[in-house]
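Participant: Going by our numbering, the sequence shown opens with residue 47, and the numbers climb by one from there.
In short, the hints are calculated from the structure, not lab data. Keep in mind the model is a prediction, meaning the values are calculated, not measured. We put the CB at the ideal spot given by N, CA and C, even for glycine. Every clue listed holds true.
Derived CB-CB ranges, DEER-like:
| # | residue 1 | residue 2 | range |
| --- | --- | --- | --- |
| 1 | Lys195 | Ser333 | 14 to 22 Å |
| 2 | Leu145 | Ala332 | 38 to 46 Å |
| 3 | Pro168 | His360 | 42 to 50 Å |
| 4 | Val354 | Asn273 | 43 to 51 Å |
| 5 | Tyr394 | Pro168 | 40 to 48 Å |
| 6 | Phe193 | Thr218 | 19 to 27 Å |
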Amino acid sequence: MWKPITCLAFIWMYAGFIYAQEKKENVFLHPDKFYQKYFPNLKIKYNPADSNYIRTYPKSHMIVSLHVLTPNIYVDIVPVQAAFAASKFRTNTNTITGLSFSYRHITAGFALSLLPPLGDPPDHARSYYRTATIKYKSPVYILTFRFMKIKGVTDVNAFNSPDPQKSNTPRTDVNIKEYEFEGIYNFNWKKYSYLSTIDYTESQVRSHAGFLLKAGIYNQQIYSDTNLLSMQQRTYFEDLTNISEIISYYIKVSPGVGGKLVIKEHFYAACTVFSPLGLYTNRLYASDEQRVRSETNLLWTLDGSVNVGYQSDHFYAAARCDIDSRTTMLHRMNFTSVYNYIGIDIGYRFKAPLFIKKFYRKTMPPGM
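Working from the sequences, and respecting the hints, build out all of it.
Facilitator: Put into structure tokens, the structure is as follows:
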């Protein structure tokens, strides 16, 4: 008699467990249900730009872009009053190849050093480069997260070479890593399109300029398995003789200006310049991971780009030059890092595949 009752009780408990599992579904794994539950009234809307100046492409269009760039990236660590004993780290990557994909408000991309450098300078280490970027953008503002890593540099200061017959010192053990999170606000977004110069999701149809504001948080790391300083230069850095890692944080707020000159509708020239001061914190660590020194100072930066190109309904091509230069003066040393890229962008617009549309619709908030 008890066996049927026991079986019925077990079935009832199991069914209740299954129901509870369904009822307690984790909405964080389902973005569309998450927005419906926690933000039921959320509806993102944007006012249209002036169509006399800016052309906005259909929301159903997707853009695939190819980027081929030649980088010039270097870091200088200069002891105060002893410039001859500086570390001059230079990268050796002749070509970076990248792809990016844009659909509606999201752009994602990556870049790698695919080909080995050709015609290497003597005694230069090969540098391995990779980066990944994701952007959320609207006509008014852009939010960007970027990761970059470089492995392998060359110290071109002959003073630091252990071999008097050689002027360069390959440092395959040195790495440069950077994390960036920044936002850009366009004050003249109705008539000036900053998007038309960075990911081409819009087109500027008439010449115009505008004021911009950039704010960001940045983390740069330079580290090695061994000492970053050579035996010859250590005495000129005073108490900083055992340094294997330099970690830098800085915050900047950058007023800037951008403009685009449109020539015969399809050709253009564009320029953007930011020149701010930022708050910079530098932490130096020894090989045993003990902090040796920490300093905070103002950091001067120069950030800008110039490009010329061709744009049409489905195709665009541009040649561009980007530069990001940072210099700060600390108590024991001066620190400079420069990221300079020269290259071409080629892209094509087309109707997005159905699976992209479905994934985007289930992932993004309503209206995006």
